[in-house]
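> Going down the list, the sequences are from chains F and H. 727 is the number of the first residue of the first sequence in the numbering used here; add one for each residue after it. 52 is the number of the first residue of the second sequence in the numbering used here; add one for each residue after it.
Quick caveat, the hints were computed from the structure, so don't treat them as lab data. All figures in this text were calculated on a predicted structure; none of them were measured in a lab. Don't take each hint at face value.
[What the hints assert, rightly or not] In the SDA-like style, the derived pairs of lysine to any residue whose C-alpha atoms are separated by at most 20 angstroms in a straight line are:
(1) 758(F) with 414(H)
(2) 732(F) with 856(F)
(3) 205(H) with 857(F)
(4) 758(F) with 437(H)
(5) 732(F) with 889(F)
(6) 794(F) with 239(H)
(7) 205(H) with 877(F)
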Amino acid sequence: MSEQEKKDSLVLKGCAHLFGNEVNTDIHCSNKYMLDKDIAYVAGQAFKQLDPSFQERFQSGDVIVAGKNFGNSSSREYAAQVMRYMGVSAVLASSFNRGFFRNSINNGLPVIECDTKDIETGDHLEIVLDTGLVNVTDKGLTLQSTPLPREVMAILEAGGLLQYLRQNPNW
Amino acid sequence: MGFTIAEKILGLHSTGEPVTAGQVVVAGIDFLMIHDGRALGALAAYKQLERQDLPFASKTALVMDHYTPPPTAHTADIHIAMRSFSKTHGTVLYDENSGISHQLLPENGHVTCGDIVMATDSHASSFGAFNSFGCGIEGTDAVAAMISGKCWFKVPETVKVILNGSLPPGVWAKDITLHLLSIFGVEGCNYKAIEYQGEAVATMGMDDRVTLCNHSAELGAKAALLEADDTTKSWLQAHGACEPHPVSADPDAIYSRKIKIDTPALEPLVARAHQIDQIVKAGEAGGESIQLALIGSCTNGRLSDIRQTAAILEGKKVAPGVRLMVTPASREVYLAAVREGLVETIMEAGGSFASAGCGPCIGISQRYIPGSNERVISSANRNNKGRLGNPEAEIWIGSAATVAASAVTGHITDPREIAGGTWREV
Chain F
727 MSEQEKKDSL VLKGCAHLFG NEVNTDIHCS NKYMLDKDIA YVAGQAFKQL DPSFQERFQS
787 GDVIVAGKNF GNSSSREYAA QVMRYMGVSA VLASSFNRGF FRNSINNGLP VIECDTKDIE
847 TGDHLEIVLD TGLVNVTDKG LTLQSTPLPR EVMAILEAGG LLQYLRQNPN W
Chain H
52 MGFTIAEKIL GLHSTGEPVT AGQVVVAGID FLMIHDGRAL GALAAYKQLE RQDLPFASKT
112 ALVMDHYTPP PTAHTADIHI AMRSFSKTHG TVLYDENSGI SHQLLPENGH VTCGDIVMAT
172 DSHASSFGAF NSFGCGIEGT DAVAAMISGK CWFKVPETVK VILNGSLPPG VWAKDITLHL
232 LSIFGVEGCN YKAIEYQGEA VATMGMDDRV TLCNHSAELG AKAALLEADD TTKSWLQAHG
292 ACEPHPVSAD PDAIYSRKIK IDTPALEPLV ARAHQIDQIV KAGEAGGESI QLALIGSCTN
352 GRLSDIRQTA AILEGKKVAP GVRLMVTPAS REVYLAAVRE GLVETIMEAG GSFASAGCGP
412 CIGISQRYIP GSNERVISSA NRNNKGRLGN PEAEIWIGSA ATVAASAVTG HITDPREIAG
472 GTWREV
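If we strip away everything but chain H, and leave its shape as in the complex, we get (with noise of 0.2 angstroms):
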């Protein structure tokens, strides 16, 4: 019998051999983050231990990528207790405008092939780029797992979604995953793993990739799994990673579904305000105009984003009654856009940046508020109404090359209709 990714990275650290869907197993992780977001669940949670001690802390990361920078004076008195918590136990930290955890973790090497990552944010799905298992947790997983280094899971099924074919030009990752959006609906993969492959995978670069797992989260997916191949390793290696431990699906797993997905005849897509799983072409999104057009979050926010940004905006000038704002997913991609030219390219059209976080995808760090009635096209992943702090306001969500192309026209326009829009790396 064969068995799936999540059924083998889960069985590899928990009896030694793959366990099936529908067990509980406790498994050993190999490494743990926490951001501002959750630090206080976690630090309450520890605080009702009568042990000091947390053995597990040097694994852990302590990440302050939502109120970056501090929108109150709250919030950076959470970031005070954080910086006191890493030195007592001797966690990593990653300070103000380092940039979003999902981004750092890979970025500096905690993450390799056929590990268990565990982190208080659902997108931890993105690690599963990496062919690692990244899970979603909050503070009391978090402190017990920094005891113990341990996490329970129940075995997750797995949902096979085979990309055949290549992206065509102006689409992306991005498109991919509203398009299962508008097929499974809104967290319609709940519970499930997602495991992609196909020559669509294949031929993606990592930033893609890792749009690719941490989308996943809005299908509900538990992890989002890819297998690993030279692409992963080179870039593993390039920053550091550990030996990786590739762990590969058998061609017999059990499956609880199969998906083919037409890779090539994909197009360009948007989903509507307040529902991410409401999906039309961005062509025929009705000409919608928009106000505000903020490219970042730890989806679309790597450098693969702003070059598909500068790519489009090169040469031209960011619609009048627009702004534009670019929230680079760290500090290291911010500086590879600025040695790119890239930041040059997009200030000169009149857009703007803002040092790297979670930035505008969340209102709760109030970095970008939208007006009432202004219509706001985001790279980000959700757009529940009253996301970026104003009800009134209303949220598109599309990829970076039609958030870009969008703020060009100053209406939702689908990426291939503007010089540039087609642009790939190669």
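Extracted from the complex, chain F is given alone in its bound form (with noise of 0.2 angstroms):
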């Protein structure tokens, strides 16, 4: 990857997609009730129970922009894994679970700890992932989240933890 398309991967274009506090991923995002069903299914599914014209709305690319303690209760790793599938390209939110924090770096899916009181379902967003700013454009507005730690970011790069440790076998 040459110097100016790893400075292009670090910036994420979408459209937001508003959700409130304490969304449960397990319950809106995850087959913990749905074991049988394969990854598409799941996908085709996740947050309608929140907004049922998401599913319509939604675009590959888009960002999923919530507020408290985002991913709570048990939050199953494959959560982060729909959100891959789906193509959503960051999750902007004022807190998130520990766990689905977790599970999302390890999955290559970037969380964002951000205040999102500004944002609206529709705002494109620009993200810089290295120095954290948040460009809301249509409204001019900057915000600045909680950089993520160089470490973590390392994860990301890679698209995940398992692939990190393909390329950094002595971790």
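Dock chain to chain to rebuild the complex, using the hints, since each chain is given by itself in its own frame.
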């Protein structure tokens, strides 16, 4: 990857889809209650209960935006995998459940802690991963998120923990 | 500058020196557990690998505790896959009905002071009772750990809970956690470690100490930690654990919050249906009638809990219309209860026993589903709507003593109101 390509891969652009506080991904985005269904089916049901129009609006590359403690409860890893399958480019929330945060990093899904109160569904976002800046482009707003630590960025850049380990066997 | 227990354990396993909250470290771990509820995720992650060997497999236990006995053909097949994986890679294996992972690991000497023990379950905080950093992960982390023997951590800030004074009769570690839930709220300590100190901890038996650390998961704790004392060390020695390397916090360690609890003033508490942080006194629960009384789970299914139950049920009968089911945390716990005559006492009173496992804590085992509009009182840890397989039933949470007392009266009852309800080991 050239320096420029690397720089571009650190900038994510997508449309915001807003949810509230305490989104339980076990219920809204995992196979916990659909053990016999494949990932394509689960992805097709994701977040429908929270917002019936979500599946029609969502496009690959879009950003999930939420309030506090996103991904709460036991938070199966599958939730992060489903979101990657859907093409979610990042999740922005005022805070995350610890397990969900970790699973997302391990599966190459950027999770960004940021004050999300000024973001609405349909806003165009531009997220610069290494500086943590979030531009709400049509509103001319720039938000500062908590930048991800270097070690976490390295796992994300590799596409997930197992990919990172393959490149760095002496972790 | 001083350090917390978490900062020291994570530091000693990574840089060799204590680290500070907020740092990200890659630390060597001492033991890994994968249970059947999450095994498919780990096996799927393993299949993505190009490599076959898993050097850390010999320090990994596969445990069949969630789907035991298997409620469906699909879950029975997960167990077949686990047995095969275990044989191929040389992991430790605990088969169906052996017990709950969080009980089996310490009971079989896999945990000691100063260790890092990772497990595919949020209640891995249990291992903190043995002065070990126990933390929940998922399949990808588990596979990475089986390859590398390592895990990445963001070093957590620590909340210090000082438990002044001793627990009064009829009040147990469960009631301490329910009290803390009323203060912090559910997941109110998200990302954080909790250290418990004070006279109440010093005078607690190991069973109650495990409850204290285990149930911290409902507070959102990444890990819960106790310092080691003679009670810890003699328990570990009796269970064949490796040489302990106790880790204590420095007096000037930095905590994100310190809170003091007046332990002698605590009373038996219950969490109301569907909200683990909606706490009321058991004696002020409005006399809600119950139909199903469940004792078990990694939180309160140990010998001390079964002893509390037997002390209350001795010479009494379970109220008409109430079913009481006890699910011991392990086969060893079950056997000890048989040998002490506790099983006889409880069964004569009209209670029943199920083989060891997660059992009626979560509906995925389909072990004991309540009827519609029924009310359950359980010694488990979570009461999300529908957790036991019927969203039309209420689940209330309390100590084993509170569950047993309620089974006798047929309504939610403060155990101190019932003969035997203030029993405690001496």
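> Indicate, hint by hint, whether the structure satisfies it.
Checked hints:
1. 758(F) with 414(H): The given pair, whose Cα atoms are some 12 angstroms apart, holds under the 20 angstroms limit.
2. 732(F) with 856(F): holds (11 angstroms)
3. 205(H) with 857(F): holds (19 angstroms)
4. 758(F) with 437(H): Cα-Cα ~13 angstroms, so holds.
5. 732(F) with 889(F): holds (17 angstroms)
6. 794(F) with 239(H): holds (11 angstroms)
7. 205(H) with 877(F): Satisfied, since the Cα-Cα distance of roughly 10 angstroms is no more than 20 angstroms.
Figure legend: structure checked against the earlier numbered hints; every hint is met.
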